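Just so you know, the sequences run in chain order A, B, C and D. Position 10 of the first sequence, counted from 1, bears residue number 10 in the numbering used here, the numbering being contiguous throughout. Position 48 of the second sequence, counted from 1, bears residue number 48 in the numbering used here, the numbering being contiguous throughout. Position 107 of the third sequence, counted from 1, bears residue number 107 in the numbering used here, the numbering being contiguous throughout. Position 128 of the fourth sequence, counted from 1, bears residue number 128 in the numbering used here, the numbering being contiguous throughout.
Bear in mind the hints are in silico, worked out from the structure with no lab data behind them. Here the structure is a predicted model, which means the values were calculated and not measured. Where a beta carbon is used, it is the ideal one built from N, C-alpha and C, also for glycine. Be aware that a few hints might be false.
If the Cβ cut is set under 10 Å, some of the chain A residues that face chain C in the computed set are [stated by the list, open to error]:
no., residue
1, C4
2, G18
3, A21
4, R86
5, L110
6, R132
7, K164
8, L193
9, E194
10, L196
11, E198
12, A199
A partial selection of chain B residues facing chain D, derived with a Cβ cut-off under 7 Å [what the hints assert, rightly or not]:
no., residue
13, S29
14, S62
15, M149
Just the calculated beta-carbon pair ranges, DEER-fashion [claimed, not checked]:
no., chain 1, residue 1, chain 2, residue 2, range
16, A, Q73, D, H136, 52 to 62 Å
17, D, G121, C, E154, 23 to 33 Å
18, B, E181, A, N89, 47 to 57 Å
19, A, G71, C, A21, 35 to 45 Å
20, C, I70, D, Q73, 49 to 59 Å
21, C, E135, D, A157, 15 to 25 Å
There are 4 protein chains.
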Amino acid sequence: MGDCFEEIAAGLAAVARGFHARGWLLGTSGNLSAVVQREPLQIAMSPSCVDKGELCAEQLLSIDENARIIGQQGGKPSDESLLHIRIVNERGAGAVLHTHSIWNTILSDLYAVDGGIKIEGYEMLKGLQGVRTHEHAEWLPIVENSQDMPALAETIAATLNQHKAAHGFLLRRHGLYSWGENLAQAKRHIEILEFLLEAIGRTSNMRNHSR
Amino acid sequence: MGDCFEEIAAGLAAVARGFHARGWLLGTSGNLSAVVQREPLQIAMSPSCVDKGELCAEQLLSIDENARIIGQQGGKPSDESLLHIRIVNERGAGAVLHTHSIWNTILSDLYAVDGGIKIEGYEMLKGLQGVRTHEHAEWLPIVENSQDMPALAETIAATLNQHKAAHGFLLRRHGLYSWGENLAQAKRHIEILEFLLEAIGRTSNMRNHSR
Amino acid sequence: MGDCFEEIAAGLAAVARGFHARGWLLGTSGNLSAVVQREPLQIAMSPSCVDKGELCAEQLLSIDENARIIGQQGGKPSDESLLHIRIVNERGAGAVLHTHSIWNTILSDLYAVDGGIKIEGYEMLKGLQGVRTHEHAEWLPIVENSQDMPALAETIAATLNQHKAAHGFLLRRHGLYSWGENLAQAKRHIEILEFLLEAIGRTSNMRNHSR
Amino acid sequence: MGDCFEEIAAGLAAVARGFHARGWLLGTSGNLSAVVQREPLQIAMSPSCVDKGELCAEQLLSIDENARIIGQQGGKPSDESLLHIRIVNERGAGAVLHTHSIWNTILSDLYAVDGGIKIEGYEMLKGLQGVRTHEHAEWLPIVENSQDMPALAETIAATLNQHKAAHGFLLRRHGLYSWGENLAQAKRHIEILEFLLEAIGRTSNMRNHSR
Chain A
1 MGDCFEEIAA
11 GLAAVARGFH
21 ARGWLLGTSG
31 NLSAVVQREP
41 LQIAMSPSCV
51 DKGELCAEQL
61 LSIDENARII
71 GQQGGKPSDE
81 SLLHIRIVNE
91 RGAGAVLHTH
101 SIWNTILSDL
111 YAVDGGIKIE
121 GYEMLKGLQG
131 VRTHEHAEWL
141 PIVENSQDMP
151 ALAETIAATL
161 NQHKAAHGFL
171 LRRHGLYSWG
181 ENLAQAKRHI
191 EILEFLLEAI
201 GRTSNMRNHS
211 R
Chain B
1 MGDCFEEIAA
11 GLAAVARGFH
21 ARGWLLGTSG
31 NLSAVVQREP
41 LQIAMSPSCV
51 DKGELCAEQL
61 LSIDENARII
71 GQQGGKPSDE
81 SLLHIRIVNE
91 RGAGAVLHTH
101 SIWNTILSDL
111 YAVDGGIKIE
121 GYEMLKGLQG
131 VRTHEHAEWL
141 PIVENSQDMP
151 ALAETIAATL
161 NQHKAAHGFL
171 LRRHGLYSWG
181 ENLAQAKRHI
191 EILEFLLEAI
201 GRTSNMRNHS
211 R
Chain C
1 MGDCFEEIAA
11 GLAAVARGFH
21 ARGWLLGTSG
31 NLSAVVQREP
41 LQIAMSPSCV
51 DKGELCAEQL
61 LSIDENARII
71 GQQGGKPSDE
81 SLLHIRIVNE
91 RGAGAVLHTH
101 SIWNTILSDL
111 YAVDGGIKIE
121 GYEMLKGLQG
131 VRTHEHAEWL
141 PIVENSQDMP
151 ALAETIAATL
161 NQHKAAHGFL
171 LRRHGLYSWG
181 ENLAQAKRHI
191 EILEFLLEAI
201 GRTSNMRNHS
211 R
Chain D
1 MGDCFEEIAA
11 GLAAVARGFH
21 ARGWLLGTSG
31 NLSAVVQREP
41 LQIAMSPSCV
51 DKGELCAEQL
61 LSIDENARII
71 GQQGGKPSDE
81 SLLHIRIVNE
91 RGAGAVLHTH
101 SIWNTILSDL
111 YAVDGGIKIE
121 GYEMLKGLQG
131 VRTHEHAEWL
141 PIVENSQDMP
151 ALAETIAATL
161 NQHKAAHGFL
171 LRRHGLYSWG
181 ENLAQAKRHI
191 EILEFLLEAI
201 GRTSNMRNHS
211 R
């Protein structure tokens, strides 16, 4: 699969180990992908049921647009590969990352009744691609969780179309998805959204909002 | 004791150091074991009163079904070895891990009056062996703490028989036990249960449940 | 630019990686600088939009008193370079550090109505340069956030002049600035102020203030 | 000063770096010591105003019973050396450790009105030397903070004599002191007391004590 795949796989593995250390990929949860080639689509995808704290480049799998493994590799791609492929197609993303953190899990449930979380007024928002000011209002949609991956992929596609400016979305009581033009940008977006969710969660938990 | 013991011991030591870094095995607390051989039973067991942040493979002890050291090794196996052996026998486990985290300590007390904690509706539950959907309801039993190890082993055996689907249990104001077919699975189960306990603890602590 | 620049750049990169690990520079946020030479002013400045967890000495940029790059380097200095230069000039600082932590973000908003936070009675205050007793009262001013850097630099200069004893200040919903005679002192000030902000935030959040 | 000093110094430096990583020694706060020789007393003491995250064995200072540097070393021993010496003499300790954590800072203030914190019913207590059961009740005295080190040393000596079973004490809004027969035991005691303080702090902060 060439040098390109190996370099991308090494990058994904390094991000996985770093996010596991932060507690965002515990218990083999979460998954990571990056586009190797567009035509035809080839994606480097993290395998199912592997400890992300010990993920190494050799474990990354190469899959096609239908989430089928390309070539002779063993291993099973993540169940959520279809969601990654859909995000790649809908957003033209070069990398897609999915984390299970304490704060994204909690807020995805508390704000589900609203259908999403509005994040507004934080300097950190400027780290999201295309955002120029802290006055930006980011809407992070929340999608109901499901085990029916093809159906969930459709729901996500519809959500992405409805919220064209969104840099990520939450699956309820499940986790956060974000993406970027490349792996560095996707990692930046995850770090920013995780930070903002924790800030919002802890703020709403303060005893005295006006101190 | 052969290559097998050494490899298992190295794996246990690595898990111990990682969990200590997360604050789950502070102050020499907690213990870890894995089955080396079934007939007759031989278990690699962490020693008593050792800093888990510096545990190395050479410190792991080989014990038999009565928690007696096999061979010439020095050191003292953990006081809770009898509990590990009982779990191995009751569940056919290949590895047993016991952590003392802040959140498992707090929740084991707050929920003791209910006899356990029901964990339901989280995607993370799918990381528990045999669970296929986030709609799964896991019952994590809570057992009163005791210093009488033989008696505690009996109580635990009765609890495990009563809750055949449980992937772990809590000792009140003491800690979490979980296990797996092998060390990787046991580590996965601990990470998932610790994550879910923290998520539940922080959620129940939010000021506005419906936001 | 000589050995001096390289040594200073290596120090800044090491601090950046350490603060990123603590979650104070997530998502390429925050920035760091240190004075290389006073007459004419030459500052080693962190580049814009770079992952601080992977910052290396070669990426630090050399800028002049107008935030223009000196020499042939590529890269773009941080947008907030003007603020660093202003602090260097107003305070005679040898290093300026700016972090985005959860607690500085939250408190910069909760206390904005007061114009600042009074920190008093903590032993940790003695780590601030010139403070001899925990009875010291530190006033940490809060400045409204803005994307107009020249205007913000003026506001900050006025704030520094008004609060001549302040060891740092907060930008609302943005982050913390602190500085020192050299990088080690600036790092110490950031660690102390971050610690005190977290202690204050968690204390004000306790259910029973008098227990 | 011989191999013994060097080995002890290396041990203290390693503990310092580990505790700094946990956020218990931020901003050059805290200090560490271990007895090298009893007659006459020689103690390896951490220097004043040094970054504990980068402490190396060569920086440890050798001091006598009056906190004066032995031999030709440069550097200044910690201001709190007199407190360490007093604890060594009162308790026959082989090592004394002092940490500034978020939770010890908060609880030392909230419980000051009671003169101390009773810690009872936790399995973790068994990690304190001589404690055989979780039913143990540990009284952790709280002493008012002061910058008058000789006077504070007297107050601490009186407190230690009044509470002969105590494994540590808190200085109000300042930090935790604990000790042990040797460095490993002192480290164990700090980890256990820090864990228990965090557990108590977070429990008292839960919205529903009975859930």
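Which numbered hints are broken by the structure, listed smallest first? Structure breaks hints 1, 4, 5, 7, 14, 15, 17, 18 and 20.
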